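Protein chains in written order, with our numbering: chain H, 1 to 225; chain G, 226 to 278.
What the hints contain is simulated information worked out from the structure, not anything from laboratory work.
Values in this document were obtained by computation on a predicted structure and should not be read as measured data.
Possibly wrong hints are sitting among the right ones.
Unchecked claim - Interface residues of chain G toward chain H, partial, derived using beta-carbon atoms under 10 Å: (1) P230; (2) E233; (3) A234; (4) Y252; (5) V253; (6) I263; (7) D264; (8) R277; (9) R278.
Beta carbons: idealized from backbone N, C-alpha and C, even for Gly.
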Amino acid sequence: MYSKGLKPLSSATVVAVGAAFALVFFYAPLDADQGFVQKIFYVHVPMAIVALGGFVAGGVMGVINLRTRDPSWDLRSYVAIHLSIILGVGVLITGSIWARASWGHWWVWDEPVLVSFLVVFLLYCVYYPLRFSIEDPERQARVSSVFAIAAGAFVPLNFMAVRLAEAYTHPRVLSQTGGDLPGEMRLTFLVALAAMTLLFITLWKLELTSKNAAAQLKRLRAKLA
Amino acid sequence: MPALPLDEAGKYVAGAYVVFVALIVIYVAIIAAKIARIDRDLEDLNELVKERR
Chain H
1 MYSKGLKPLS SATVVAVGAA FALVFFYAPL DADQGFVQKI FYVHVPMAIV
51 ALGGFVAGGV MGVINLRTRD PSWDLRSYVA IHLSIILGVG VLITGSIWAR
101 ASWGHWWVWD EPVLVSFLVV FLLYCVYYPL RFSIEDPERQ ARVSSVFAIA
151 AGAFVPLNFM AVRLAEAYTH PRVLSQTGGD LPGEMRLTFL VALAAMTLLF
201 ITLWKLELTS KNAAAQLKRL RAKLA
Chain G
226 MPALPLDEAG KYVAGAYVVF VALIVIYVAI IAAKIARIDR DLEDLNELVK
276 ERR
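Working from the sequences, and respecting the hints, build out all of it.
This is the structure in structure tokens:
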């Protein structure tokens, strides 16, 4: 069911990630201000965008679950949020490494972008205990979906609030002027973003396939018992 | 802060990319282990069905 198209998707992901790595290290020019350290940007920012997109997607799938009462949408929502949390860990670690190299500190508490991402990440960490504290599968799906929708709505609100904040230390990447990225850097960034999106979708489908196979196996075993 | 020299910056960049690759490899390894367990369980079920016949 979920494994359909997984092979070509995996191949496309491998090609895209390989192309992104090649562009980052052999094509994109060195940043005039930060030098080689700026290469972290190409893994950190796409990972953050895809993680936040995954949280929002989890909320949308939660809406579909509540509308259709189809438990498969709850599973899709759960896996999207689970993967986004894993990417979130990567965002926080790579962000800290970049901050240390650029600003001399592992973390800057008065920087709105960093703190707001941490708030979103911690908010979603609540999802696991909430979900797994409910035994009834129907109620679990319903409550998890409500959480996914509420938290998913918070993500763009949080993004806008940060944009409206006045103190800027963290660089802007996506703006109406294109973030002032030179052409080669912009192309590299877009390829890295596409690769990260493909990677997310591939891993999402892979985990869904695994969970679906485990569920089918459980049902088969129950029938044979 | 001024830009770091290449040898020092290289350590940070390598660190960031290693974190990314490690996360993905660990995740895929966990999923692969789960799929391997499902495969073993399927074989057991197959054996069970054969015995019943």
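Hints, verified against the model:
1. P230: P230 (chain G) check passes; min Cβ-Cβ to chain H is 8 Å, inside 10 Å.
2. E233: holds, 8 Å
3. A234: Holds: closest Cβ of chain H sits about 4 Å from A234 (chain G), inside 10 Å.
4. Y252: Where the cut-off is 10 Å and the nearest Cβ of chain H is about 6 Å from Y252 (chain G), the hint holds.
5. V253: Holds - the Cβ of V253 (chain G) comes within 10 Å of chain H, reaching about 8 Å at its closest.
6. I263: holds, 5 Å
7. D264: holds, 9 Å
8. R277: holds, 8 Å
9. R278: At about 12 Å, which exceeds the 10 Å cut-off, the nearest Cβ of chain H leaves the hint on R278 (chain G) violated.
Consistency note: the structure conflicts with earlier hint 9 alone.
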